[in-house]
Amino acid sequence: MSAASPVTRFDALRLPGLRRVARMPRGRLVFQLPMLLFALLLMYDGFSGPQRAGQNLATVAPWVHYRGLVVLALLLAGNLFCAACPFALPRTVAHRLSVRGRRWPRILRGKWVAAVSLLALFFVYEWLDLWASPLLTAWLIAAYFAAAFALEAFFTESAFCKYVCPLGTFNFVYSTASPLQIGVRQPDVCRTCVGKDCINGRYAAQPVIRVSEITTSPPIPVFVYGEGAASPASGGEVAATINAKSFDSAPSTQHSALIVPGCGTLLFPPTIQSNLDCTLCLDCARACPHDNVGLFARAPGAELKKPNAWPARWDVSLLVICLAFLGLLNAFGMTPPVYDLLEGLANSLGLPGAGLPPAAIDAIVLGLLFVAVGVVLPAGLSVGAAALSRRLGGVSKRDSLRHTVAAFAPAFVPIGLGFWIAHYSFHFLTGLFTIVPVTQRFLTDHQIGWFGAPDWSLGGLPLGVVGMIQLSALIAGYGVSMWLALQTAQRLYRRNAMLGYLAWALLLTGLMLAGWWLIQQPMEMRGSFLFD
Amino acid sequence: MRGSRSLMLALIAALILLLTACGGSALPTPTVLPADSALPAYQIAVRGEPEPHTVGDASLVVIVMTGSGTPATGLTVSARGDMTHAGMAPVLGEGTEGDPGVYTIPWQWTMAGDWIVDVTVRAADGTEVTQTVNVTVES
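One line per chain: the protein sequences are L and C, in this order. Read in order, the letters of the first sequence are residues 44 to 575 in my numbering. Read in order, the letters of the second sequence are residues -2 to 136 in my numbering.
Incorrect hints may have been included.
Each pair of labels, with its calculated beta carbon distance range [stated by the list, open to error]:
hint, chain 1, residue 1, chain 2, residue 2, range
1, L, GLY396, C, GLU46, 31 to 39 Å
2, C, THR93, L, TRP560, 40 to 48 Å
3, L, LEU112, C, PRO68, 45 to 53 Å
With the Cβ distance kept under 10 Å, some of the chain C side facing chain L (calculated, not the full set) [to be verified]:
hint, residue
4, THR63
5, GLY66
6, MET80
7, GLY84
8, TRP112
9, THR133
Here are some chain C residues pointing at chain L (derived, C-beta under 8 Å) [as the list claims (entries may be wrong)]:
hint, residue
10, PRO87
11, ILE113
12, GLY123
13, THR127
14, SER136
In short, the hints are calculated from the structure, not lab data. These numbers come from a predicted model, not from an experiment. Glycine included, every Cβ here is placed at the ideal spot set by N, Cα and C.
Bound-form chain C, shown alone:
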């Protein structure tokens, strides 16, 4: 009797582990792009100023080139910065174009630590490209 009970418990425990393991295989592919990925429509370079990055006011300088290597003008450029730690409001910003293909986004690093910044470029024809960069901000 005890043996059959132990067997039943072992089967249930194995089933739980199997089910939870199955859950992992259904994970979606991450949607963010790695920082060094080659983008077909635009090539985006992001630079934070001032460097090194410290808490306080800053700006993100986004340089966008077309696939043929010419400055991409007339785009809408925005950025969103999330801390890797949960519980911090993200920082959002919109860029303005200065020199052709160079967009400046007023920015603020609100907390020291690790940030993930998504820079999104939208063209009038609906093309949208997002570049993700990782930034460590010092106190």
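Next up, chain L with everything else stripped away, as it sits in the complex:
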């Protein structure tokens, strides 16, 4: 921490409602409880409702609306969905049980597990056609609750959030583009803070504690103990007495006597450089006894151009780059060429004649596609681009490949977010109003006629409008990515900046062209095994 003046930027936690929620010991429940009830509702409808994806809340709400709202929230505000995460509620119960438990194994404390779980979720989504199955979606939600509970029960920190959760990992990566970030109002307060409650957590022994210095005039009571007299009750000699009236009038604040947890992902607010790993749970703000933690405005994606805002680690860099490629792959799964590709791959491997069940053939060819396009291709291309840019930039001996990839990895956030917005906004906007008749259907199925019979004519925005939004997201993401990569090249390579930039510019342009081609493809909403 360096000496710094108080922060004067817009602080969302100064807004009346949010300020109150951020100070309430159980304030997160305000957002979590509605989400928990909603998740339970989705499970209920998924298990018991009609097994048509378009008629069931379990498929319409998560796969159409949740995903669209997530990317919009990340772009416009921050990681709001982690803040309100319902899976963290049983996790909290489990966490109480595991306070004295083990820490997450050191060897797994990185983003490798999270990256694999994210890849696995995307794979399962495509393989089992989760978007088409209310039942499987309900099971996925149940599995999520069970996994969050189990991991938090056995490990002390928020291991599920920080090291495993695929949804949270997605949110972490793209919240780096968000315009809000946790910080502190006065860094000097943190410098002198003894307890560091924001990260360690806080326990108030009584509901009222004094937060300013208690007067020493008149003198505070001082007990002088003789040997064997361990407490005032056991015979300490009172050397002075306190003036109870002045004590009562000392400034105080109300606190719950219950524990207020510190940051589950072990972030220390005055040193936070990035939204990576921040769930916006606001536990740090609740735990801080000095009311010194805020949620400050910043330029959207400000951290992406800051050198060293992210750790120079392979797991973080490849996660971000691979996620951009997965954005393309996920959308590619909805276009006709993917079926030709998968069939060709299966035939070339001789799978249809091997006596395998269709689901197994699907899994093999999809798995190969995911590993090739989601892992091998981005890793190979980014390492190749790093090697080329180091050479052309004239710094082959100075910068390692790891540092070069890490320096350019943030440039893949805007283009990746552009891909995901283009894809998810397609479903969200074309199905914008479909949640209405599905909700009506659910209510009427349960003899609740408040909103009348389902109006199945409600759809969404016209495809032409949606297409314009998709293209805008793609172009904007590409433009910002190119600018970020240029900034990085200028910082790293100075006079050779344009040469060092070349490889990354080509890679980003190739990605954008692939995305452009994808958007031009007719969308096919398939929902059945390819090799029936």
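Here the structure of chain L is known, so what remains is to put chain C in place on it, guided by the hints.
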């Protein structure tokens, strides 16, 4: 102490898995009929035109026969098409009778992909039969 805590956690985890597993056994039987099911009151054949099915205007031709094999006339025939993917408004249509027992429903495939079409036949006496067909629409 640690051993008892681990045992308690394991029991809770097992309980959760048990409860979620129990939820699956209470699933209702799907209400839709498979496409090739034999229907006691009417036999329904559905054909989409033009074929192969592509995005755009189309029609569903529904041929309804009685159990004795004669054309079933004077019925109300309707259809509802849902995509297998959530988030698409369904397509709804009502049929008009041309030749005896042959009903034509003006239709539109609004998106390429997999569709599930329910064709429902209602008789004046209240008899109602639904036939479900799966259709893949190409772009």
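The hints, checked one at a time:
{"no.": "1", "hint": "L:GLY396 - C:GLU46: 31 to 39 Å", "in the structure": "35 Å, holds"}
{"no.": "2", "hint": "C:THR93 - L:TRP560: 40 to 48 Å", "in the structure": "43 Å, holds"}
{"no.": "3", "hint": "L:LEU112 - C:PRO68: 45 to 53 Å", "in the structure": "51 Å, holds"}
{"no.": "4", "hint": "THR63", "in the structure": "29 Å, violated"}
{"no.": "5", "hint": "GLY66", "in the structure": "32 Å, violated"}
{"no.": "6", "hint": "MET80", "in the structure": "5 Å, holds"}
{"no.": "7", "hint": "GLY84", "in the structure": "3 Å, holds"}
{"no.": "8", "hint": "TRP112", "in the structure": "9 Å, holds"}
{"no.": "9", "hint": "THR133", "in the structure": "8 Å, holds"}
{"no.": "10", "hint": "PRO87", "in the structure": "5 Å, holds"}
{"no.": "11", "hint": "ILE113", "in the structure": "7 Å, holds"}
{"no.": "12", "hint": "GLY123", "in the structure": "20 Å, violated"}
{"no.": "13", "hint": "THR127", "in the structure": "13 Å, violated"}
{"no.": "14", "hint": "SER136", "in the structure": "3 Å, holds"}
Comparing the model with each numbered hint stated earlier shows that hints 4, 5, 12, 13 do not hold.
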